[in-house]
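**Student:** Order-wise, the sequence lines are chains U and R.
Residues 1 to 279 (our numbering) are what the first sequence spells out, left to right.
Residues 1001 to 1226 (our numbering) are what the second sequence spells out, left to right.
Please keep in mind that the hints were generated in silico from the structure rather than gathered at the bench.
Glycine is no exception: its CB is placed at the ideal position from the N, C-alpha and C atoms.
Keep in mind that a hint or two might mislead.
[Claimed, not checked] Cβ-Cβ distance ranges computed for the label pairs, FRET-style:
hint : chain 1 : residue 1 : chain 2 : residue 2 : range
1    : U       : Arg85     : R       : Ser1051   : 38 to 46 angstroms
2    : R       : Glu1026   : U       : Glu140    : 56 to 64 angstroms
3    : R       : Leu1060   : U       : Gln216    : 50 to 58 angstroms
[What the hints assert, rightly or not] Cut-off 20 angstroms, straight-line C-alpha distance, at most; resulting in silico cross-link-like pairs (SDA-like, lysine to any residue):
hint : chain 1 : residue 1 : chain 2 : residue 2
4    : U       : Lys172    : R       : Ser1051
5    : U       : Lys23     : R       : Ser1051
6    : U       : Lys124    : R       : Ser1051
7    : U       : Lys124    : R       : His1130
8    : R       : Lys1165   : R       : Ser1051
9    : R       : Lys1215   : R       : His1130
[What the hints assert, rightly or not] Quick partial rundown of chain U residues pointing at chain R, CB under 8 angstroms, derived from the structure:
hint : residue
10   : Phe101
11   : Pro119
12   : Trp122
13   : Ala148
The chain contents come next:
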Amino acid sequence: MLAFNDQIGLRVHGLRASYWNRKKRLQVLNGASFEATRGTITVVVGSSGAGKSTLINCVAGLQPIDDGEIEFLIDKGPKSIVCNRNRRLSAHERRSIGVCFQQSHLWSHMSVRDNLVHPQVWLKGIDKPEAERTADRLLESLRLSQQAKSPVSQLSGGQRQRVAILRALAVKPEILLLDEITASQDPANVQSIFDIIKRYVMETGCTVLTISHDMQFVRRIADRVHLIANGVIVDSCTNADLAAGKIGNRLAEFTRMFDSDSDEPRSREPSEMIDIDPR
Amino acid sequence: MSYDFDLMALWTYRWAFLRSIWVTIEVSFFSIVFGTILGILIGLARHYGRSNWLLYPTWLLSTVWVYVFISIPALVLLLWAYYILPIFGIGLGSFWAAVLGLSINLSPFAGEVFRSGLANVPEGELSAAHAMGYTWPQVIFLFILPQFFRNSVPPLMAQYYTTVKMSSLASVIGVVEIINVSQQVIYDTYKTLEVYALVGLAYAVVVVPFAILAKRYEDRMLIKRI
C-alpha cells in the first residue's frame, strides 16, 4: 500500500521458542525472522507442527520467547515496541493487537453480541450504546444478526470463528493476528471474511499476520507469503510471484501439496495427516 | 390397631419447637459459613498449589485434609469435637462443637466444588481476554469469577442442604435443636407419630425457602447466559 509508505508494522527477528511436554523440551521456533508491512496482509504457511500457531502465540504475547525480538509499530502510544525474552507486551500495549484464535475461544458466559461489546467498553472506553451499534453492524456484515442474542454455546464452529474474527476487529486493532480463520467456513463465508478484512486493512492501514493451510484463500488474500518449516522461515514471495509461479523450490513443493486448484491429486504424507498440531 | 392421631396434644410445646427450628438454622448457618471459608481455602490450594513449589505444601495439606475428612462420618467429628477437644483443654460447649464438626465435615466437599469450579473456567477464554489486553484484575473479576460462580453454585447448594439435614446429629451432643426437642416431647407425651411428622415438616420449613432462593439464583444465571 502506497499510503503507508512500506512502513514495517511488525518485525520478527531470530525468534526462538520452545515448550515443555512431559518433561521434554520441544524447540518449536528456531530463529524465525520476517517482516510485515503496514496496510498489507502477510500469510505464514507451513505444514502441521512447523511452528505456525506458536509463532502467533509468541507475537500475541501468550507464550514466552527464548531468544530474538518482536518489534511492533503502533501509531498510538510509543512508536515502536520491542519485545524480547525479558520484556513482554503490557496489557495496555496488547490493546492495539487483535487476536483471533483457531479454536475461537469466545467468552461462554456472554451472548454473541456481548462478546463484541464487552472489549469495546472495557478496553477502549467506548459508550455502551455506540459499542452495541458497532457490534450489530459487524454481526450484520457476516450474516450473524440472527444469533446476536443467543449464547455462544448455540453457535456452530464456523459461526464461532466468524464471531471471533469480528471480536478481534471490534477493538480496531493496529495489528491483527489471525490463526487459521477459514478452517471451518464455506466458500461464501470465506469470501465475506476476505472482504471484511481487506476493507478494514485498506481503511486503517492495519498490519495483518495470518496463518493458513488453505492455498486458495492465501492466493486471494495474501500480499506476502512466508513458508515456515522446522521453526524457520525458509521461503518467501509476494502475491504476484505466487500467481506467476516465480517461487522458490520449497514454496513450490508446499503449494503443490496443499493447493486445492492444482491438477495433481492432494497428496499429503500419511504421517502428516495424523500429525496433531502441538498447539 | 387404632391410633388416636392428635396433633393438638403438642400445642403446649409450640415455642420449644419454634426455638429448636431456630437453633437448627443457627447451627446450619454458622457451619455453612465456616465450612465455605475453609472450602474456598482448600479449593484455592488444591487448584493453584501445584503450579509453584512454594505453594506445594498447601496443596499437600489440603489434599490430605480432603481425603481424611471426606472419609470420617459427621457424627464421629461431632463426638470428637465435643468429647475429645476438652481433654486438650478446648471446651467449646455443645453448640460450637456441633458447628466445628459440621464445618469440618462440609469443608472437603465445598473444597472439591470450588476446585472443580476453578478447573472448569475455560483457559482458552482467559488467554483470549489476556491477549486482547484485559489486565489481570479485570480477567479475575470479569471472566474467572462469573464463570466460577456459575460452575459452583448449583453443586454447592446440594452440599448446603446436606449440612442442614446433618445438623440433626447435633442432638447427640446435646444441642437443643429439632431432634433433641422432639425426643423430649416424645418422653413427655408418647405422641411418636405426631412428633416425627412435625419433625419432617420442620426440616422442610428450613430447607424449602432456601431451595427456592437458590433456584431463583440459578435461573437468573441461566437468563444471563442467553
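**Student:** Which numbered hints turn out to be false for this structure?
**Tutor:** 1, 4, 6, 8, 9, 13
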